[in-house]
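For the protein sequence lines, the chains are G and C, in the order given. Position 100 of the first sequence, counted from 1, bears residue number 475 in our numbering, the numbering being contiguous throughout. Position 77 of the second sequence, counted from 1, bears residue number 96 in our numbering, the numbering being contiguous throughout.
Don't take every hint at face value.
As the list claims (entries may be wrong) - Derived lysine-lysine pairs resembling BS3-like cross-links, with alpha carbons at most 25 Å apart:
id, chain 1, residue 1, chain 2, residue 2
1, G, K490, G, K504
2, G, K447, G, K490
3, G, K559, C, K108
4, G, K490, G, K514
5, C, K113, G, K559
6, G, K504, G, K579
Honestly, the hints are just simulated from the structure, not real lab data.
Spelled out from the first residue to the last, the chains are:
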Amino acid sequence: MVLLGHGNAYFCCQNADTGWNMSHRITAIIPAFNEHERIVPIVDEAKRYVNEVIIVDDGSDEDSYRFLETLKDRTIVLRHRINLGKGSALRTGIAAAIARHADVIVLMDADGQHKPSDIPRLVEALEEKQVDIVFGSRKIGGSMPAAMRLGNHFFSVATNLLFRIYVSDTQSGFRAFRAAVYPKLEWQSPRYAAETEMVVNAGKHRLRHCEVPIDTIYHDKYKGTTVFDGIRIFLSMLLWRFS
Amino acid sequence: MIGIQIVAILFALWMTYFTFLHYRRHEFGKVEAVLWQVLWLGLVVVVIFPHSVQFVLNTFKISRTFDLIVIIGIVTLFGVTFRNYVIVKRTERKVEDLVRNDALRGHVDGPTKQGEDAPHT
Numbered sequence: 376m377v378l379l380g381h382g383n384a385y386f387c388c389q390n391a392d393t394g395w396n397m398s399h400r401i402t403a404i405i406p407a408f409n410e411h412e413r414i415v416p417i418v419d420e421a422k423r424y425v426n427e428v429i430i431v432d433d434g435s436d437e438d439s440y441r442f443l444e445t446l447k448d449r450t451i452v453l454r455h456r457i458n459l460g461k462g463s464a465l466r467t468g469i470a471a472a473i474a475r476h477a478d479v480i481v482l483m484d485a486d487g488q489h490k491p492s493d494i495p496r497l498v499e500a501l502e503e504k505q506v507d508i509v510f511g512s513r514k515i516g517g518s519m520p521a522a523m524r525l526g527n528h529f530f531s532v533a534t535n536l537l538f539r540i541y542v543s544d545t546q547s548g549f550r551a552f553r554a555a556v557y558p559k560l561e562w563q564s565p566r567y568a569a570e571t572e573m574v575v576n577a578g579k580h581r582l583r584h585c586e587v588p589i590d591t592i593y594h595d596k597y598k599g600t601t602v603f604d605g606i607r608i609f610l611s612m613l614l615w616r617f618s
Numbered sequence: 020m021i022g023i024q025i026v027a028i029l030f031a032l033w034m035t036y037f038t039f040l041h042y043r044r045h046e047f048g049k050v051e052a053v054l055w056q057v058l059w060l061g062l063v064v065v066v067i068f069p070h071s072v073q074f075v076l077n078t079f080k081i082s083r084t085f086d087l088i089v090i091i092g093i094v095t096l097f098g099v100t101f102r103n104y105v106i107v108k109r110t111e112r113k114v115e116d117l118v119r120n121d122a123l124r125g126h127v128d129g130p131t132k133q134g135e136d137a138p139h140t
């Protein structure tokens with residue numbers, strides 16, 4: 376390990392397993408709600424690419440939380456006593472990450488949709504392309520459900536028209552950004568609109584951004600955003616635009 | 020007296036009882052209880068004597084007492100809805116802060132040594 380020397384904020388370490396070189400303190404945040412079946416391999420693999428994993432249990436039932444507690448030896452587990460929503464859970468995780476001196480924050484889902492092995496590509500893009508935020512974009516077509524494809528396209532066009540920022544997958548939860556830009560990126564939406572608000576805030580503050588294609592595995596098509604969430608998100612977008 | 024008047028009087032009496040109940044349970048203060056009782060009594064008076072508010076109808080060019088009550092009801096509902104919206108938003112914020120602070124307690128001190136939580140190799 377080679378210390379680059381900015382207090383304990385920066386350090387560089389070479390992971391012998393993956394060869395992945397981390398020159399910043401990287402923290403992955405995984406919000407979880409009644410999700411324990413798939414989270415263990417995600418955490419274990421993510422640990423290979425980041426310095427710290429923070430799981431935010433968003434008011435899960437007792438069994439799920441008790442299970443997550445068993446991961447405390449390798450991750451930080453924060454618990455919301457009641458369910459607040461994904462956006463709120465992410466904000467809690469980020470508050471902890473920033474307090475623990477994270478430089479780069481990676482957001483990913485707990486349902487196994489995202490491959491932790493994509494983390495290096497996201498973080499590397501931050502450095503190589505000198506951007507503030509990297510959006511993981513799911514490949515359109517293939518296994519992506521048709522309704523999701525249509526919804527994604529609609530939101531991409533809408534954000535572009537309303538906020539002059541084009542992201543091909545505004546609903547993807549797999550993202551990496553510099554902790555320093557979080558105050559500009561910070562969202563207020565407690566639930567699924569958080570992801571869109573993040574894109575909107577990136578556009579409003581002219582943050583440098585790019586997209587990296589990611590692989591996605593759809594385990595449960597009934598989970599995540601619904602059509603009604605989509606309508607709510609769109610109404611929120613209009614509110615953000617004209618307020 | 021027509022049916023709608025009877026229904027309105029029964030409603031006002033019912034609300035009078037509930038206001039009294041809340042007062043006895045100490046959920047309302049004396050002034051609060053009196054104000055509500057005056058409102059229900061006013062409703063009974065207007066329902067039994069619709070012409071008692073004729074001057075209001077003339078002033079605002081409203082043709083019937085019933086229309087006046089409906090207009091007041093709708094305006095009040097808009098006001099109450101807005102107030103509820105503000106209160107719910109404020110409460111949501113407070114609950115979120117409370118839950119977040121509770122979740123973060125004991126976790127925001129940060130690592131004590133450089134690299135102590137380096138990835139597993």
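Going through the numbered hints above, which ones does this structure break? Give me the numbers in ascending order. Going through the list in order, the structure violates no hint and respects every one.
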